[in-house]
Structure formats: structure tokens, C-alpha cells
Amino acid sequence: MKIYDFTVEANDGAQVSLKDYEGKVLLVVNTATKCGFTPQYEGLEKLYDAYKDQGFVILDFPCNQFAFQAPGDDEKIDSFCKLRYDTKFPRFRKIKVNGREEAPLYTWLKSQKPGRIPWNFAKFLIDREGNVVERFAPTDKPEDLTEQIEALLRK
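For the sequence shown, our numbering gives the first residue as 1, with consecutive numbering after it.
The hints are simulated quantities; they were obtained by calculation from the structure and are not laboratory data. None of the hints are false.
Computed cross-link-like contacts, BS3-like style, restricted to lysine-lysine with a CA-CA straight-line distance of at most 27 Å:
hint, residue 1, residue 2
1, LYS155, LYS2
2, LYS155, LYS88
3, LYS46, LYS155
4, LYS96, LYS76
5, LYS88, LYS76
6, LYS82, LYS141
Pairwise CB distance ranges (calculated):
hint, residue 1, residue 2, range
7, ARG154, SER79, 30 to 38 Å
8, ARG154, ASP73, 38 to 46 Å
9, THR7, PRO39, 27 to 35 Å
10, ALA10, LYS113, 18 to 26 Å
Even glycine gets a Cβ: it sits at the ideal position worked out from N, Cα and C.
Modelling step: build the complete structure from the supplied sequences, incorporating the hints.
Spelled out as C-alpha cells, the structure:
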């Protein structure tokens, strides 16, 4: 199984096949708008701007499971991110990343790099073939991922 086997919901409710991102280097992140890590949106956008023309995409999955730090509906979250951090990378519907109701994508991600998602802004780096190659903690800043992203983009 690869990441391309999943379909997720865009923040407007449209069904999106992750096959649309085949051949790209992906960074999958569970996010929140009211978290101490929320300023990482700025670093994520810088990464996206720097590498999007080389085939890099960030997939943003808001999650309200951790202290209810992603309040509001999908439209409100998207508006906040665009207005406050000028984000342009794809954002999807709010999901759960742990527990009985976790999104199937996260069940698969965690099967590839085991462990519960500890908090908002956990990150999974996916190579151009759809394999999970790295998992980063919420405390890992986006700018600290540059070397790994560049290595995958060169392949």
C-alpha cells in the first residue's frame, strides 16, 4: 500500500485522491490554529515556497483532538491560515489522527512509522514513490527538515 491509495476530503468537502500527488515529495502534517506550535505555519509556508517548483507539497490536516486547539469549521481554519500565515499549500477537512475514529490515512502512516501522534504538528515525509521515509515530532521545526527534503527532491 502507498499513500496514493487514499482518498481524503478537501476543506470544501470535495473528494481528493492522493494519487493526484504521485511523483511528488510530500510532507503530511496534522495542524491546529490555537496551539503553541501554530507559528510553524510560517516555516511550513517557507518550505513550500522554496521547493514547490521542484515537486514538493505539504498536505495539511487540521486536527482538534489535542486540547481542542483547532476550533471552528474547515472554512474558518482555512481563512485563518491564509490571512495570518499566507499559506498556499493544500488543506483538508479536519480529521482525527488517533483512536477509534482516526482517519485511515493516519492508520497507514502510523503503520509505516509506528507510534501514536503525540500532539499537533507531527510530520511525515513521503518520497516520490509514496513511501514514508521519516517521521518528525511536533517539536521539530519545519526549517530543520530542509536537508531531508532536498535529498528526496534530488532523487
